[in-house]
Structure formats: C-alpha cells, structure tokens
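Number of protein chains: 2
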Amino acid sequence: MAKRILRVDMTKLEANFEDFPADFVALGGRALTSTIVAKEVDPLCHPLGAYNKLVFAPGLVTGSKAPTSGRISVGGKSPLTGGIKEANAGTNFAQKLGRMRIAAIVVEGKHKGDDYYLLKVTNDGTEIIKANKWSNKGLYDVYKELYKEFGDKVSISGVGIAAEIMGAASGICFNDPEGLPSRYAGRGGLGAVMASKGLKFIVVDDTGAPGVEILNKEAFNMGVKKLTNALTSHDVTKPGGALNSFGTGVLVNIINEAGGLPQRNFSSGQDDRSEKVSGEVKAEEIKKRGGVRPHFCSPGCVIQCSEVWTKPGGKDPVGVLEYESVWALGPNCSIYDLDVIGELNRACNDLGLDTIEAGGLIGVAMEGGLTEFGDEKGALKLFDEIKKKTPTGRILANGTAFTAQAFGVTRVPVVKGQSLPAYDPRAIKGIGVTYATTPQGADHTAGYAIATEIMGVGGTADPKDTNKSDLSRNLQLATAAIDASGYCLFIAFAVLDIPEGLVGVVDTLNGVLGTSLTVNDVAGYGQQIIDTERAFNKAAGFTEKDDRLPEFFLKEPLPPHNEVFNVSDEELDKVWGA
Amino acid sequence: MAKRILRVDMTKLEANFEDFPADFVALGGRALTSTIVAKEVDPLCHPLGAYNKLVFAPGLVTGSKAPTSGRISVGGKSPLTGGIKEANAGTNFAQKLGRMRIAAIVVEGKHKGDDYYLLKVTNDGTEIIKANKWSNKGLYDVYKELYKEFGDKVSISGVGIAAEIMGAASGICFNDPEGLPSRYAGRGGLGAVMASKGLKFIVVDDTGAPGVEILNKEAFNMGVKKLTNALTSHDVTKPGGALNSFGTGVLVNIINEAGGLPQRNFSSGQDDRSEKVSGEVKAEEIKKRGGVRPHFCSPGCVIQCSEVWTKPGGKDPVGVLEYESVWALGPNCSIYDLDVIGELNRACNDLGLDTIEAGGLIGVAMEGGLTEFGDEKGALKLFDEIKKKTPTGRILANGTAFTAQAFGVTRVPVVKGQSLPAYDPRAIKGIGVTYATTPQGADHTAGYAIATEIMGVGGTADPKDTNKSDLSRNLQLATAAIDASGYCLFIAFAVLDIPEGLVGVVDTLNGVLGTSLTVNDVAGYGQQIIDTERAFNKAAGFTEKDDRLPEFFLKEPLPPHNEVFNVSDEELDKVWGA
Chain A
10 MAKRILRVDM TKLEANFEDF PADFVALGGR ALTSTIVAKE VDPLCHPLGA YNKLVFAPGL
70 VTGSKAPTSG RISVGGKSPL TGGIKEANAG TNFAQKLGRM RIAAIVVEGK HKGDDYYLLK
130 VTNDGTEIIK ANKWSNKGLY DVYKELYKEF GDKVSISGVG IAAEIMGAAS GICFNDPEGL
190 PSRYAGRGGL GAVMASKGLK FIVVDDTGAP GVEILNKEAF NMGVKKLTNA LTSHDVTKPG
250 GALNSFGTGV LVNIINEAGG LPQRNFSSGQ DDRSEKVSGE VKAEEIKKRG GVRPHFCSPG
310 CVIQCSEVWT KPGGKDPVGV LEYESVWALG PNCSIYDLDV IGELNRACND LGLDTIEAGG
370 LIGVAMEGGL TEFGDEKGAL KLFDEIKKKT PTGRILANGT AFTAQAFGVT RVPVVKGQSL
430 PAYDPRAIKG IGVTYATTPQ GADHTAGYAI ATEIMGVGGT ADPKDTNKSD LSRNLQLATA
490 AIDASGYCLF IAFAVLDIPE GLVGVVDTLN GVLGTSLTVN DVAGYGQQII DTERAFNKAA
550 GFTEKDDRLP EFFLKEPLPP HNEVFNVSDE ELDKVWGA
Chain B
10 MAKRILRVDM TKLEANFEDF PADFVALGGR ALTSTIVAKE VDPLCHPLGA YNKLVFAPGL
70 VTGSKAPTSG RISVGGKSPL TGGIKEANAG TNFAQKLGRM RIAAIVVEGK HKGDDYYLLK
130 VTNDGTEIIK ANKWSNKGLY DVYKELYKEF GDKVSISGVG IAAEIMGAAS GICFNDPEGL
190 PSRYAGRGGL GAVMASKGLK FIVVDDTGAP GVEILNKEAF NMGVKKLTNA LTSHDVTKPG
250 GALNSFGTGV LVNIINEAGG LPQRNFSSGQ DDRSEKVSGE VKAEEIKKRG GVRPHFCSPG
310 CVIQCSEVWT KPGGKDPVGV LEYESVWALG PNCSIYDLDV IGELNRACND LGLDTIEAGG
370 LIGVAMEGGL TEFGDEKGAL KLFDEIKKKT PTGRILANGT AFTAQAFGVT RVPVVKGQSL
430 PAYDPRAIKG IGVTYATTPQ GADHTAGYAI ATEIMGVGGT ADPKDTNKSD LSRNLQLATA
490 AIDASGYCLF IAFAVLDIPE GLVGVVDTLN GVLGTSLTVN DVAGYGQQII DTERAFNKAA
550 GFTEKDDRLP EFFLKEPLPP HNEVFNVSDE ELDKVWGA
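Line by line, the protein sequences are chains A and B.
Residues 10 to 587 in this note's numbering are what the first sequence spells out, letter by letter.
Residues 10 to 587 in this note's numbering are what the second sequence spells out, letter by letter.
Take these hints with a grain of salt, some might be off.
Which copy? The list can't say, so a pair holds if one copy fits it or any two copies do.
As the list claims (entries may be wrong) - Once the Cα atoms are required to be at most 30 angstroms apart in a straight line, the calculated DSSO-like pairs of lysine-lysine come out as:
#1 K48 / K554
#2 K139 / K564
#3 K583 / K547
#4 K386 / K398
#5 K119 / K564
#6 K157 / K386
#7 K396 / K139
#8 K12 / K226
For the record, the hints were derived by calculation from the structure and aren't laboratory data.
From a predicted model like this one, the values you see are computed outputs, not experimental measurements.
Just need the whole structure built from these sequences, with the hints factored in.
See below:
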C-alpha cells in the first residue's frame, strides 16, 4: 500500500482517499501541511469560511520505531495571525496515521447546517457520523464517552467549546496515552478552523495497518541507534536527566533566575514566588500524590519529559503541566499555586484552549480590570464565561490581542496577533528575534534560542547580546526540518551537541525515504519550508513590519535588569534578508 | 497675528501655542492633519497609547466668507484600521478655529490617572479643567450642560461613552447650529484616541478673534462669487435642488433602484420597503412634525442639505439623519421605519458612535444571532449594552469586524477593518475601487464615484463597467485637495460640471494664501496628501493586499442583478500604480 491523502469535504460530507503526489514524497509534518496550505488555500480567504483548509500530517518517520517521533503537524490559515499556521503535538494519533500510511488528512469546505460531525478513519475506510451529542461539553467527559463508544485503542483528535464559538485561541486536542485530552496542537486558533467546517472529532483506529514503509532498513536501524545513543547520553535528554526528572518545568527556576520569566502580564522578569511552581517542586508533588512521572506523550519516546498531574490523592488527572502552561496560567497572572494552575490547565484542556494564549489573555484581562492579578478564583471564573458562551467568554476565547482591545489594554504581548510564550525578549534577546521573525507569530518552538542563550546547548550566547539574527535563523531552519521529520523538537538538545545524533536523524530519514541526504541538507530542507510559509504570508499581506515586537517591549524597561528590547530592525530583517 | 499650532500635552496637562512652520503654510484640513501625523507619529505605535497623536485642523478657507466651507479635519493613527486616518465634519467649531488662526490643535501624550479633562480655548489662551462630571453620560445631556456652563456661543467637540470604553467605532462629535451633538468626524475610531489621552471635550470661544487672514482680497472675493454662482445654479446643489430639498437621503430611492442599496448585511441590493425611509418621505415628515429643513451644518452654507429630525410633534430633536446613517441603521438591518432609525441615530450621537460603523456592526450582530434582522427593539437594546459598558457593549463598540469575530460571522463588510458605506460595490464597481484603494479604509467620501456612475456628475460611467481605476484615482485626488481646503465635498457636484466654479475654489485659496495656483495644481496637491498617507500606511505594514474587498463580495452574487465584485486586482493596483 502506498502513502495516501485522505480528503474530507465537509460541504458534501464525503471523505475520499487520493494518491500521494509523487512530488510530495519527501514531505511530511510541517513540510506537508505548509505545502498543501500554500498550494490550495487563498491567502486572503476568511480563515473561518469555506475556502480555508485544515491539514493533519504526521512526520516522515512517525509511526516507525524511530525514538521520540510521535509528532503530528496541523496546518491552515490561522484565524489568530491571519497567516499560515503549523501547530504540532506529540500523540499516538500521529503514529496511527503514520502506520496507516495516511500522509495527510485534508479537511475542506464547510457544512451548511448547525450539526457537528465525527470522522472515523480505519485501515479499511472512513465514516462521517453526527457528533452533536458530544458537543457543548467539556472534553474530559467527551473523551471518556468517545473511548467508551469507539474502544480503548483508538486515538482521538477534537475541538472543544472554545472552538464551537469560533475562538481564535482554540487549539486542536489529541489524546495522551491515558486517553486524557491533554496533548495540543494549540497555537493559532486551528480549533476554530476545524469547528467552522462542522467537524468536531477525528477518531482513528489503525487495526491492520501496514506500518511505515521503510525503503532502506539498514540505514534506518543505524540511524535509530545513533540517535538513541545521543538522546540517552545528553544531560538534558537522557533518562534521569533534566527533562526526564523535572519535565519542561525545569526551566522555571532557571528563567526566573535569568530575570526573563514574565510576571503580571510582562511587568517584571522575576519573582521569588516562582520557585513554588518550579519543575522540581512539581515533580516532588506528583510523586507524593501518586501521579505519573516520568511519562511519555507517545510510545517510543526516550526522553519522557511528560507527566500526569492530579489533585491530591491522585484524583482527577489533568495530564501534563508544561513549563509554558505553568508560566502562562501562573506567574503571568501572579498565581503561584500549582493546584490552582492545575485547575486552570484542566479548564483549558476541557474547553479546547491553547494554554499559552489562555495565560496571555487572562493577563491582559487582569490588567484590564476584569479580575485582579493573583485572583485565583477570578481566573477560574473567566473560563466559566467561555464554557457558558457568554459575551465575555466570546471575547476571551478570541485571545490576548482581542481581549486587550475589548478592555482597552495597550500593553499587548503578541506578535502577528499571537501571544508571547514564557521568555521575556527584553531579558533574552535571541528568543525575541524568533518571536518577531518566525512566520508563525510569537512562538518559542520555532527557533528555540533559549537552548543556546540560557542552556548552553549548541554553543553559548550572551542573552543580552543583540546580534542574534544568525542564531535565530539557524535554529528556525533546523526546527522546520525537525517539524517535518516527526521527531520531537527536544531531540535538538542532544543532536545540537552530539554530531553523531544528527547523523542518526538523517539516517532514519534516508531509511524511510530511500534517499541519500546528509546533514548538510537539513538547513536547505528547512529553508524550503520557511520560504513556502513566508510566501503565503506575503500573499496574505504580511511585510517586515509584522516582524516586530509590540511597542511596550521597546519602550518599557523590564525589572530586574531594566532592559528594553533593543535589537535593531536591521538585525531582525537580517534573519530572512528582507 | 500669524497662524499658530496649539499643542496639548496630556501627560503634563499643558497646552502651548507654537509658531506655524513656514513649510506648512499651504497646508490645511486633511493636508495638515496627515502631514503632522506622518511626521510625528510612529506608524507602528499602539493607536491608544501615549505615542499616538490626535490633530484637529480647519480647512484653509474655513472661517472666511467662502461658501460651504465649515469643515474640520481630525487625524491620527486609527484604532480601527491601524493606518492613518482623516475624518471630517461640518461645524462652526471649525470656523471658530479658523477665525482664531489656529491652524491645528495637536493632542499628544496620555494622562496617567482615571480623570477626564476639558480643554477650553479662547482667543487669549487655554485652560485644562477636570471633566469627570460630564463623563459616563449621554452627549445630548452633556452638551446641554456644557452650553449652560460655557455659554451659548461656544463650540464643542467631544467624545462619548463609546470612546470611554476605547471603542474603535467611536467618533469625534461636534455641535450643530442648535448645539446638538450631531456632527461627527465619525470614522476610524478617533474618539477612542481622544479618550485614551484623558481628553473628553474641547470648548472653543472665538470672541475677539481676528478672522481668517486673506492676503489677496480681490482674488478671494472673485472666487467666492464664481463658486457661489456655480453652487446656486447646479441642480444638485442649488436652493430647491436635490440636496437642499431632500438632503443626502435623496439617494435612497436612486441607489435602491440601481440595485446597490445593501439590505440585511449586504445580502441584497434592493428592497421595496426602502422607499419608506427615502429622503422624500423624510422631508415630508419633518415638515409635518415641525422639524427644520433645509438647514445648514455650519453658517455660510449655500447648499444647506441638513435638517433637524424630531419625534412627532417636533419633540426630542436628533439632528440630521444622513443617507448613510438611514441606510446603515435601516435597510442594512432590515429596518424600514424612520422613527426607529431616528432613535437609533440618536443613540449613536448620544454614545459617540460612527453611524456607518454602528449600522455595520448591528448588521453582523443580527447575522450572528444577537438579535433578529428587522428587530427594532433588539437593535436599540444593543446600544444599551454600550451605554452600560457591558462585555457585549465592549464588543459592539469596537466595530463591525470585531463584532463579527466575536460572534463567528464570516460575511464581514469591511476594508482595512472599516465598515463599508451604503453602496454595494458588486452593483456599482467604481465606488468599490475607492473602498478598496483609499488609504482611509472603506470610505465613500474618499472618491465618490457614485457622482459619475449614478448621478451623471462629472461625466457618466456604467456602474457595471470594471475599468474604474482612473475614475476613482481622479476623484480621490480632487477629494484630498477639497478636504484640505475646508470646503464641503458636496461643492464637487457643482464644480465637476461647472469649470468656472472650480476656478472660483482655486481663486479663494489664492486669496487666502497669496499664491497663484491654477486648477491644474489641484490634482498634484491631492496627490501629495495621498502619497503622505500611503507612506504612513506602508510604514505601518500595509500592502496592496490591504487594497482588496473581503471574500464574500468576490464569491457571493448580489440580488437582484446577481453580480459579484469582478474588478481585477490589476485594475485596483492601477489606481496608485502599486
């Protein structure tokens, strides 16, 4: 069986398999979603209209035995940024598609009525069924019901109430290994795109699937070995290493120490209370409560940075509390209580909200007087507004910039309309260059300069040095390639420092594709993706003026170091040679 | 006394007169506001932050005896479009500034506290006083109180509750001759810019003012005579002519007949019920009720297209019901009752809302299910939400595009974020070219192709002919020049057809300035203004992709003629040679 594309026409309620075009053969994940979106979507279309498309694509090695490669990319025109979007997640949903040799699911058109639908995909075919009974409910309950209906072994992608109201802060949810709705392709409002078409869920059952085709098994197996060696020997990624022991939350204390952990809607970069929500404290607490740590988001992960956070006594599992989520829903809102953050994160998962955007919008809502900074109950109540689909909820569900405009807040931490992640660019300049210049809108994963600026991975760089265009560009190119491969971005920590690991990555790609790529091809591969995305954005009306941080980062010094973002426009434009 | 600029620093609460720069001497109205904004405002600043500025400038001949010249331009970076904005109004406020030789009031900075202020400007100086007691109230009551406080002879500019909540649909209000808050520089959300600075009102008393300086009285008087002759002889502008008899509402039947009067959020271009809200019916009704018609917006107008609409029995005067307002709050919302429209228009004036944006946002709110099309009470209730500053009110006050996003509506009639006026561009292509290409966002007054396409003024053109770049450009250039002169745009009806009238306009400008301009200089003068505005917009990130109509005008045929907007992108780009 050759690779194929599953095209879902929501206007006609039809799903059909198509041959995978020969010229797409080297494309997977982000390379494939961005290529299809750029080829098939009018950059000036309304993102929630009939002419946008939503594309799901597992990475090239996803579903194989390649370690830590269970990623799926989701792409479309973003209702949040107005540009092209790729958001990705780690989930066995991705691996099932890979094993079924479904290179992409392309959802197009728009159902005319008010009904919601569920797409079921098995190795033998597809079915589109009414999903109204699973709508207007929290995803924790709905995922339980869906697993009851479709069996324990399926994987599920879905969107929640935030998407039902077309919220530009809504993400695409995937199950974790426990079946919790906690793994998100969260950014850019793609949840609303899915809901706008009338599609609520995709359920995948890969029984009888042939598995990922591997054209050169020798190369593949050699690559797996080299990459596994690198991952298991690097301090950040190895068993018992930083990520495995404390999860992404290991960064809380480090970034707070660096003065770059934004507090109170980016009003300060440091607060002693941050330690209370650190990865170290969280890991200890999970152990006490009988949660799960370490844990993987998808089978076959060597790093295993994930976890299952619960209430005391191991009750009411939430899923992972990522560093970004803890920060967004915590320090950014002056909240320093992991139990409150856990409940806020649960509310995000339950409603289908991107946690970063959610923390950003609560921050500006607090600044706008909807509730006070640090008001834990007030923050939780804001999510109730979304759940009840009230006018306030409709404001909030549309994200940070929208909420700021509704409530007259002028300190708006967004780039291209998308809320900034957990590193203040005034304290750490390189990540600011990535926020500004990635085609994706403010996104730390697009070129994670923190690795070099703070963690000393892939070399070192002074966080305050403003010459960061080369660092950001190189990371953005490598990241785009990784996002196409299906590997988790976290393999970069190892392969940036251990050259043999990177060779292993390329070996596995050659194994799957039957090609003879070398590590020298990686940057060019990434550049093609970025070029495709930037061309789409240009045709959507983006210019270098969109590659800028908002006013207040340039004007308002950040305590404790009292720096502004002083990277010049020229340096920003050097990233892509604009 | 030479001309001067009044600079108002709202951070320091100081107002100081400055010399008028020698190189600004030929600039007035829109030429001056756009020049100052382009020179002093960072195009990437937050429009409601401390770095935006708000500029008031009367036209070059405003305050003199030149007929129909009581216009004031207001400029700044628009919170609605994100680009440069000039909105203008006819009011004796403009004439008083002209007579006081105040070329511009530049409001800058931002008051840090929650207080609102009033700026009083007399011939002898200025005063900034607390205005909290006049806040959070409807402008009809407030203007009465202000006239009581400052005397009947002052003129007043102010912003209402819609601006207090930073609504991007809020306009700048000026008094009409009765002291009613009914003359608006409405478009683009400049009301919110004024409120964001802490400034609520400007009160002007021109007692003892020297009057407009006229360097060549002979030329000036000759010009006044020629222009007056033209205005009093053209069928559209003469006493007893179309505008004088029926006001701008004379267009209702004409545009409905042409199939271009948008109904139900631009779902059809014609409805028989439109006749019930025509200018003819309205004029008759005003006569019956004992309202005022004809009437001028500012003294010295020859055309006198204005009126005072009242409730039956001459009660509760509203002010003028313009064609655009009647359409926006009427047929666009399936409302065909002048009394309801009168109350909706009163609500707009009372809250400080642009009526066009208000009608647009009610239309999308109706489409989004907030209330039904044609629900008159439902429409009025929406304004109560703004008055009460509820979350729904905060959504609505931010305009059509914002309301559409909040309620998941994808048929969004805006260009550059600004709501379309009362002519459907699918039925009348030339006005669509203006909507798309003016730097101001969808604005009929920027290049009123209707004059030629429908009224046969300045030649004739088939509304369905798609070659309209020349027509739109020429009109946009002439309009920019007129917006600088201080003349009402409606003189164009006469001077486009009567060459001697245009000579008269130039004569009066030469009279005031002591120059020897000819009619051949008009287009170049206009081009300079447009160039300035387009340069600002480009620096704010605008491209030719912003010079497009939204998706549904291109995809959805408009009954009854079932045309789409089929002007090519190439034709649109030919307007400015992009």
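Here's how the hints hold up against the structure:
Both within a single protomer and between protomers do K48 and K554 lie at most 30 angstroms apart by alpha-carbon distance, with minima of 25 angstroms and 18 angstroms respectively. In this homomeric assembly, K139 and K564 come within 30 angstroms of each other (Cα to Cα) only across copies, at 29 angstroms, whereas the closest approach inside a single copy is 52 angstroms. For a Cα distance limit of 30 angstroms, the shortest separation of K583 from K547 qualifies both inside one copy, at 17 angstroms, and across copies, at 20 angstroms. With identical chains, the CA atoms of K386 and K398 are at most 30 angstroms apart both within one copy (19 angstroms) and between copies (23 angstroms).
Taking CA atoms no more than 30 angstroms apart as the test, K119 paired with K564 passes between copies only; the shortest distance there is 15 angstroms, against 44 angstroms inside one copy. Taking identical chains as interchangeable, the C-alpha atoms of K157 and K386 are never at most 30 angstroms apart, the minima being 33 angstroms within one chain and 48 angstroms between chains. When the C-alpha separation of K396 and K139 is checked against a cutoff of 30 angstroms, the pair qualifies only within one copy, where the shortest distance is 22 angstroms, while the shortest distance between copies is 42 angstroms. In the homo-oligomer, the alpha carbons of K12 and K226 lie at most 30 angstroms apart inside one protomer (18 angstroms), although the nearest pairing across protomers, at 84 angstroms, exceeds that limit.
Of the numbered hints listed earlier, the single one contradicted by the structure is hint 6.
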